[in-house]
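Novice: Sequence:
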Amino acid sequence: MLIDSHCHLEYKGLVEDQAEVLARAREAGVGAFLNISTRQSEWAQVVGTAAREPDVFASVGIHPHEADAHQDLGRAALLEATHHPRVIAIGETGLDYYYDKSDRDTQKRLFRMHIDVARATRLPLIIHTRDAEDDTHAILADELGKGAFPALIHCFTASADFAEKVLALGLSISLSGIVTFKNAKDLQEVAKIIPDDRLLVETDSPFLAPVPHRGRVCEPAFVADTAAFVADLRGTDAERLKALTSANFFNLFTKAVL
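Convert by adding 2 to the 1-based position in the sequence shown; the result is the number in my numbering.
In short, the hints are calculated from the structure, not lab data.
Hints are supplied without guarantee of correctness; some may be wrong.
As the list claims (entries may be wrong) - Here are the computed lysine-lysine pairs in the DSBU-like style, where the Cα-Cα straight-line distance is at most 30 Å:
1) K110 with K14
2) K148 with K14
3) K187 with K103
Keep in mind it's a predicted model, so treat the numbers as computed, not measured.
Generate the whole structure from the sequences, applying the supplied hints.
Specialist: In structure tokens form, the structure reads like this:
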């Protein structure tokens, strides 16, 4: 079985034909999906899909791009949203200094609030970080000093040095279709050093379609291509990689039950 640990089933490109998208993924061997939210207005829809589809789980959180629009979001609202039985994760959250669509201090404050809720609930934190690795690491190290919480860097694109730092903090790392791109040589080297028990795979669909689907709307079915590519990079059998990444998913997202 394969698991797409990060997809946006409510986004344009997937939501219009969601049933067919899920059917194609299941045919490709995908046995579970984590449907990610990025703003509060999505939470009900994301959770609704998870409630309707027995192999789809949900996250609740605020993407750093959306931080400015959620300055008044309180901890209580996020905490309450985690109580739904199909919500197994918090996020995506984090820091994005590449686009700088929201004030950096606001991003940091909301990131820490998500961490606080992750610590309180023991639900894994799904982290987005782009061009913000130093601050991301500093906040994670500081917050882990206050008490443990499970966490994952999704769609990892940073350096081997950053990978080693977050692995040292106990985080897991998820690889998207970017790892298949021919210009992603550094990321391909990172893919080789992630410990077997900390590796996950994802599509981040409808974005970032892997080779050989570049230029198309990405679908959860394409996680099979990413998994096969990563298995080859790591010199292992594709079936073994599917098994270990699926086991890692359930070991991290302990609330997920099929």
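Novice: Are any of the numbered hints broken by this structure? If so, which, sorted upward?
Specialist: Hint 2 alone not satisfied by this model.
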